[in-house]
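*Asks:* Listed below, chain by chain, are the residues.
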Amino acid sequence: MTVAVDVPEQESWFHRNQQRIAPWLFLTPGLLFFSVYVIIPLFESINLSFYEWDGLGAAEYVGFRNYEDLYWEWVDRDAFYISLKNNLIWLVMYLLAIPAGLFIALFLNQTVWGIRLYKSLFFFPFVISQVVVGLVFTWFYDPTFGLLNEFLDLFGLGPLNVLGDERFVTYGIIFAGLWPQTAYCMILYLTGLNAVDPEQIEAGRLDGAKSWRMLWHIILPQLRPATFIAFVVTIIGALRSFDLISIMTQGGPFGSSRVLAYYMFEVALSEYGFRMGYGAAIAVILFLIMLCFIAYFLWSMYREEKGH
Amino acid sequence: MYSTFKRTTAALALGVAMAAPAAAELTGELRIFLDTSNPAPRATMEAMIERFAEQHPGLEIETTVIDREAYKTQIRNFLTADTPDIANWYAANRMKPYVEAGLFEDVSDLWAEPEIAENLASTKGAMTLDGKQWGVPYTYYQWGVYYRKDIFDELGLTEPTTWEEELSNCQKIVDSGRKCYTIGTRNYWTAGGWFDYLNMRTNGFDFHNQLANGEVSWEDDRVKQTFANWKQLLDMGAFPDDHTARSWQESLPLIVQGDAAAILLGNFAVAPLREAGLTDDKLDFYQFVAINPDVELAEDAPTDTFHIPANASNKEAAREFLRHVVSAEEQTEINNGANLGQLPVNAQSSVDNDKFLQQGFEMLSTNSPGGIAQFWDRDAPAEMAKVSMEGFQEFMVKPDELDRILAKIERARGRIYDN
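Taken in sequence, the protein lines are chains A and B.
Position one of the first sequence corresponds to residue 1 (our numbering), numbered consecutively onward.
Position one of the second sequence corresponds to residue 309 (our numbering), numbered consecutively onward.
Don't read these hints as lab results, they were simulated from the structure.
Certain hints may be false.
Said to hold, decoys possible - If you only want the chain A side, here are some residues facing chain B, beta carbon under 8 Å, derived:
#1 Ala59
#2 Gly63
#3 Asp69
#4 Leu163
#5 Gly237
#6 Gly252
#7 Leu269
#8 Phe274
#9 Arg275
Said to hold, decoys possible - Covered stretches of chain B, as calculated for chain A (at least 3 residues, CB under 8 Å):
#10 684-692
#11 715-723
For glycine and all other residues, C-beta sits at the position ideal for the given N, C-alpha and C.
Bound conformation, chain B alone:
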């Protein structure tokens, strides 16, 4: 409590009305909107809020859970009218429209508190726009290749680390009558994941960021090199032919049934694959291989976040709630295997013993020197993400029409970034 008091005096000095001793005796109503509509995350969030409520009996907490997809469009309405005190969302460019419209509260003051500044440093960049922080993260997860260990053993393959090994592995898998990677591009973002990795490995993290920010032409030779690498896999028949008709969930049966050897996806793939019967001795994980040895490895690790809407009525309680969410104990608890099964954002919390979380944590903390990206549809502006991911899907079907597809994306770039 002492540190809380100190924090508050500092805040008061800044002219922000935040009564610190009151942290223990928060009153009023706290309305929380969540998109965690799947049963497991929903229960996790509700339990987390319950623990917060126990610490603050004076608060009347009202939680509303909205369907995950519907939430993405409803957020525009509820941020302007009938606004909750807490809403969850995604990091990086995905929050930009709301930040620019002044609908998210600047919470840089929270990030100045040592508790958060020291322990959440790794995700600060993802929460920063215009030099200020607009929310706090509550979970993140690694992306990478999840593969069938038993198939690799059967074919005598080992986890690849270079592009050559990758291609030769894939050739053997194709020769055995399987597909190397299953993918369901009916969700365009699955192709976005492939582009993220191929481009970051071919041209590096900084170039990838420039591309997402519209600073580089899509008809640049370096971009074409990324697609040339992708085409190598396409020409081998590495992906299922009917990927355009499948959603990401519908692409999973191929790997479960052994018709495909691997999938490039976020760690959320593990739960459904386990449920479908793949035990840990059949399923394993490796980091996406290096392609260009001159660029440093960089990873995708999307971060999910909590924000205070600018129109919130109980911002004091909301700030206390954000402190609660990112605290080391809560982070350990909500991200453990029994709950979200993802990585905690607080450096003081412990990562679950799960094999994939351990590998992911290890990879992100020791073997991602290039940087950490959020994901294509969070790093690039929404419209750009949409147009380009559609182009990626089209490229996967018609690789020979790359020039036309890139010209289309380039036109969109000219339109989207000039304003």
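If we strip away everything but chain A, and leave its shape as in the complex, we get:
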């Protein structure tokens, strides 16, 4: 730098390296925030998971004790096992939003009078807050005045205590979550359908492709990007399923609707939770699960880029 000052005729260091510096300058704010809010906390969490800390006093190093405790909870079919199992149920069931969104999108992808209104009505659940969705479904399932049981009454069935029964509770919450998630997938597919090449459809028609074959061989391949995004957001949505559980059941009855994210909150941050290290250990496990998907997503995006 001093050289540049001493010899003003020479091109400055910045000037010479502009091409190489510019991208880094633009990246700096992003990198800064990403490291402060994601990378550093990530390593902090991993570090914290080897400690026992109540969030107030001094932290005590305990090595792998937290993970050992998790392992024993797994062996004993205790809270950790239930949370992990529910996470898997969420992952599988939540994917139903993709076909459901696709079929609603196909159904709405027509030009009739008032279609915009129908589209917005279908999109509506995605706009409202998850808190509201949770409350609405809590009332819907309510064993005394809920619509669901009024409906079951018509057939002489019920009463069904969805949110109070360990067998149904997770599915009940997932169903509530599917409502906005389906709307999200629907929007993704609707935009995707706009980009479908009409000439290919025409060509397919000439070759005699109809309904299912048309959908499977002509439309769906062209919707691949939309499907990919829908898959990504749905997987992420399933793994972060926290708000609905917190609102609808608080993990109950007797902890049977917990998922890892909620269990982590419960042991570390809730009213009775003072085990920061243990919560961090759960978070690390959750992160490892997410890492499988993240790796898969990055890999397929990398392949996509290379293909073009």
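Since the structure of chain A is provided, determine the placement of chain B on it from the hints.
*Replies:* For chain B alone, kept in the frame of chain A given last:
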């Protein structure tokens, strides 16, 4: 004022810098954090602070009211950073994490003052950890059975006092197509209340305390006896089937509509039940029945408290505020029927004329020889309370799996108390 002066000289002698005559001329800022977010208690607290402000015009008082549930998690943050001078909380083990972390100020000096030592003796135990006092109480309330008098009259029942009477009453109520007790276990603590009473009545107050302190195994036969008693009620169908889906508020309509005859709850149940239309001739109260005649009756009476955070900046004014809160006049005022509608902690204050407060006061002062518990989730460590109350709820749904549930709680005991 003379006594104030004497107090202060004593305090000065102890090396605590507290200028006594200054009590009248406190200056600076006093920041108060409260969790009394419901409208009625909020107004009560604000009026109480207003009266304090009038006595100390030099003080600049700033009150922050935080949502009751949010407060429970926020307290960890504000005790360490941006700390107020006064914060309210709960007694017994519930304050332990903060006491151990050195975040609450030791106020044993206040408790040494005759004014407080003599009049607040009954709650001193609940405020004591490690032989020191960490705050002052401002209100407490009884627990017990609130029942529909008109339903009892209709079925020809009287208030039970023994477990046999209790069971036979319940059988008649069930036979009439009602539930004996409504409960909403979506708030786990409602089941905690049942456990408190069943265990204290089966095994006594001391055993109950040992259990809360982790000194007894959960697989002990005495614990199993408690659950066996509970199972008698469960087998009769004494509780509503969908209790897991209800919060405590959502369990109240059953008693209001007459689908359930009673509820075991704290005195805070009275206000919503009255609002829902149950007049005093329909609603009444009785003490939870004796089960094991060999143990003395003991009651739950949770105490709510005020504390000075260790990081507070105006501790002198804060101490004066605590004296104000527990004074006989203030206690009479803030706990009366128009305000909190609970029991005053100062022996010199008078209890409101309300029928339930009178009965509760009578019960706690004359018919609770075994002792007074705070409540399960305040007496047991937080984690233990959480795990066990979840177990209680599970037991209410699957009473036949008691052994597995107790094994789960016992494992948690092994983990929680060893450090």
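*Asks:* Next, verify each hint and record whether it holds.
*Replies:* Here is what the structure says about each hint:
no., hint, result
1, Ala59, "violated, 12 Å"
2, Gly63, "violated, 14 Å"
3, Asp69, "holds, 7 Å"
4, Leu163, "holds, 5 Å"
5, Gly237, "violated, 25 Å"
6, Gly252, "holds, 6 Å"
7, Leu269, "holds, 6 Å"
8, Phe274, "holds, 6 Å"
9, Arg275, "holds, 7 Å"
10, 684-692, "holds (count 3)"
11, 715-723, "holds (count 3)"
Consistency with the previously given hints fails for numbers 1, 2, 5, ordered from lowest to highest.
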